[in-house]
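Quick mapping for you: the protein sequence lines, in order, are chains A and B. Start counting the first sequence at 1; every next residue gets the next number (the working numbering). Start counting the second sequence at 1; every next residue gets the next number (the working numbering).
Read the hints as simulated data drawn from the structure, not as lab findings. Nothing here was measured: the structure is a model prediction, and the numbers come from that model. Ideal placement from N, C-alpha and C gives every residue a C-beta, glycine not left out. Take these hints with a grain of salt, some might be off.
With a cut-off of at most 27 Å between alpha-carbon atoms, the simulated DSS-like pairs for lysine-lysine come out as follows [stated by the list, open to error]:
hint, chain 1, residue 1, chain 2, residue 2
1, A, K158, A, K131
2, B, K18, A, K148
3, B, K236, A, K178
4, A, K148, B, K215
5, B, K247, A, K131
6, A, K2, B, K18
7, A, K158, A, K88
8, A, K88, A, K131
9, A, K2, B, K46
10, B, K46, A, K41
11, A, K131, B, K46
Example chain B residues on the side facing chain A (calculated, C-beta under 8 Å, incomplete) [to be verified]:
hint, residue
12, N89
13, P131
14, R186
15, S208
16, G221
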Amino acid sequence: MKINERMRYPHPVLSEFSSDYSTGEMSADFLQQQTDDNQLKIISDITIGNDDLSSLISVQKAASGYFLVSRRTYFNHLQEAPPGKSEKFFDLSQLHGLVTIRPVVWTLNDLNGFSSPLIDAEFGEAINIGKGSIIAMGPEFRFSIDPKKFKPFETIFKLAVDESVEPGTIEVDTDDEKIGILAESATHTALDSMRNLPATRSVMLSAVYMPVVADIVSRLQNGDRSFEARRWFQVFAAKCDDLGIQLDDPSVSPLRVAQMLLKAPLRQTTKAMEAAS
Amino acid sequence: MSREVKYISEAALADLRKSVRSNLELYRGPGFQHLEDEPSWDIGLKIDYDQELLRTLDLTQQQNIVEVDRKNSLIVGQALAELTPSLANEELVWVRISHLDCFEYSKARWLSDTDEDEALVASIHAHLFAPTQTTIRDDHAVSRLWWNYHIARSCMPDDVEKALGLILKTADIRSNFVERIWMSSRERIAGAILRAIDDRAEITATESSFRTFMKIINRYGGGIVFEALSEAEADKFVGECCDRVAKVSEAA
């Protein structure tokens with residue numbers, strides 16, 4: 001029953017994912033802000049992209065708006081919002097984790113004999129569409145409402161000694177509440193000093209943290225769910241939600257995800273090296 | 001009596017999780033009341049709960065556990081009515097509740113079946129901790145009851161007790177309601193489905209007929225904006241889906 005772009009309808013739907021209309025698409029921009037009184041302010045800017053559908057809205061045969069959904073709290077609300085800019089407020093205590101917004105246009109009554117010159121001929125000349133049918137859909141917008149996402153990313157890692165690791169190399173231990181970066185004692189001491197000096201701390205980001213994060217993303221993409229219960233994973237997942245990263249999508253490069261999560265560490269490293277030279 | 005809802009610190013949680021094996025005698029015996037006033041166990045949320053009501057949870061292990069769960073879901077939902085859905089996602093809150101106010105209930109319901117250490121450790125991790133969304137919703141001794149209540153209230157706010165009875169009627173119905181958020185969190189369609197479960201016995205007569213019913217609801221309801229329909233129109237849609245189940249059964 002989920003509303004998404006893969007669905008096919010017996011009537012034309014204006015969307016960038018279908019070719020029911022020869023041209024045009026529904027689009028929307030959303031800005032989200034948390035207010036001081038624990039509200040989520042959503043500023044929507046909806047563009048319908050088709051004059052015939054815009055006319056239906058202006059004569060109140062259809063309406064535009066969006067579904068705002070927070071899976072973890074069973075919050076699923078259809079918010080009416082007119083084309084153009086509009087502000088709405090939601091109670092933050094009803095939301096947690098990933099929040100998705102799906103812009104839609106729907107019919108408010110049965111529409112009999114609807115037509116538009118842009119509709120594909122396979123639908124015929126006069127189309128009947130039932131009340132409560134989706135007739136346009138825009139791309140989904142995602143963000144995260146989770147206090148964990150504000151935790152510094154570095155707090156989910158710890159350096160630890162493991163004498164079985166080959167000197168000069170590191171291994172990753174995900175089986176604890178923090179991600180363990182394991183090294184034998186001499187390497188561990190070197191890493192520890194690097195971490196504590198501003199000039200070399202950024203080198204650690206590229207040389208140590210980035211490959212560790214890429215390794216973890218790769219394991220997640222391979223379906224490893226053994227560490228879902230770990231505290232570090234909750235911070236990790238909240239950050240990914242916030243950046244719109246889908247951890248179970250194997251088509252996304254783990255290296256790219258690691259660079260997004262660590263905010264382009266190489267840039268910080270080169271900056272630090274330039275400053276040092 | 002109203003008391004403030006509290007939670008434990010991350011460090012206290014990590015320590016408790018690590019110490020399950022060394023705490024087995026506490027789990028078997030008196031529990032963790034001695035930790036109640038420790039600063040790391042005493043962080044207030046500035047919302048109240050009804051402690052006396054929470055202490056009336058039914059500890060009996062009747063054969064009809066569904067009826068006990070229904071009754072207890074109502075108690076937890078009402079006693080913790082001020083807990084928001086966002087806070088109800090926090091393990092730190094639920095672990096404190098299952099180790100203090102609801103310790104006797106949690107022990108009777110989930111830890112009383114075995115004396116064997118390994119099985120007991122597994123049960124404690126499964127039912128007195130709640131590290132993921134799924135465990136919060138389905139496994140934790142107390143939070144699963146709160147979420148039963150929350151889902152029932154979002155489907156049928158005017159008669160939560162009745163909705164709870166219908167959702168918990170079988171494990172299959174509950175799992176459909178908790179897993180299909182595009183159905184269970186939309187009052188118009190969820191309410192119509194519950195009314196059909198109540199009125200049309202044939203759709204829940206067997207597991208297979210209920211699954212066919214849900215498939216038909218999904219197939220024909222996908223993309224319908226039920227929020228735009230009246231209650232009568234949603235009931236009509238669900239009624240037609242019930243008729244289709246009958247046709248599928250006849251054909252089979």
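Hints, one by one, checked against the model:
At most 27 Å may separate the alpha-carbon atoms for a hinted pair to count; K158/A and K131/A exceed this at roughly 57 Å. A C-alpha spacing of about 22 Å is found between K18/B and K148/A, which places the hinted pair at or below 27 Å, so the restraint holds. At roughly 53 Å between alpha-carbon atoms, K236/B and K178/A are farther apart than 27 Å, so this suggested pair is violated. For a cut-off of 27 Å, the pair hint linking K148/A to K215/B is broken: about 37 Å separates their Cα positions.
Taking the CA atoms of K247/B and K131/A, the gap is near 25 Å; set against the 27 Å cutoff, the hint holds. Under the criterion of a C-alpha separation no larger than 27 Å, the hint pairing K2/A with K18/B is inconsistent with the structure, at around 40 Å. Proximity of K158/A to K88/A is assessed by CA-CA distance (about 42 Å); at most 27 Å being required, the pair is judged violated. Restraint check for K88/A and K131/A: the C-alpha separation of about 25 Å stays at or below 27 Å, so the hint holds.
The straight-line distance between the Cα atoms of K2/A and K46/B is roughly 36 Å, outside the 27 Å bound, and the hint therefore fails. Straight-line distance between C-alpha atoms of K46/B and K41/A comes to about 24 Å, which keeps the hinted pair within the 27 Å bound. Taking the CA atoms of K131/A and K46/B, the gap is near 45 Å; set against the 27 Å cutoff, the hint is violated. With its C-beta approaching chain A no nearer than about 5 Å, N89/B sits inside the 8 Å limit, and its interface hint holds.
The interface hint given for P131/B holds, since its Cβ lies 4 Å from the closest Cβ of chain A, which is under the 8 Å cut-off. About 5 Å separates the beta-carbon of R186/B from the nearest beta-carbon of chain A, less than 8 Å, and the hint is met. Hint on S208/B is violated. Least Cβ distance to chain A is approximately 20 Å, over the 8 Å limit. With a least beta-carbon distance of about 5 Å to chain A, the hint placing G221/B at the interface is held under the 8 Å criterion.
Hint violations for this structure: numbers 1, 3, 4, 6, 7, 9, 11 and 15, all remaining hints satisfied.
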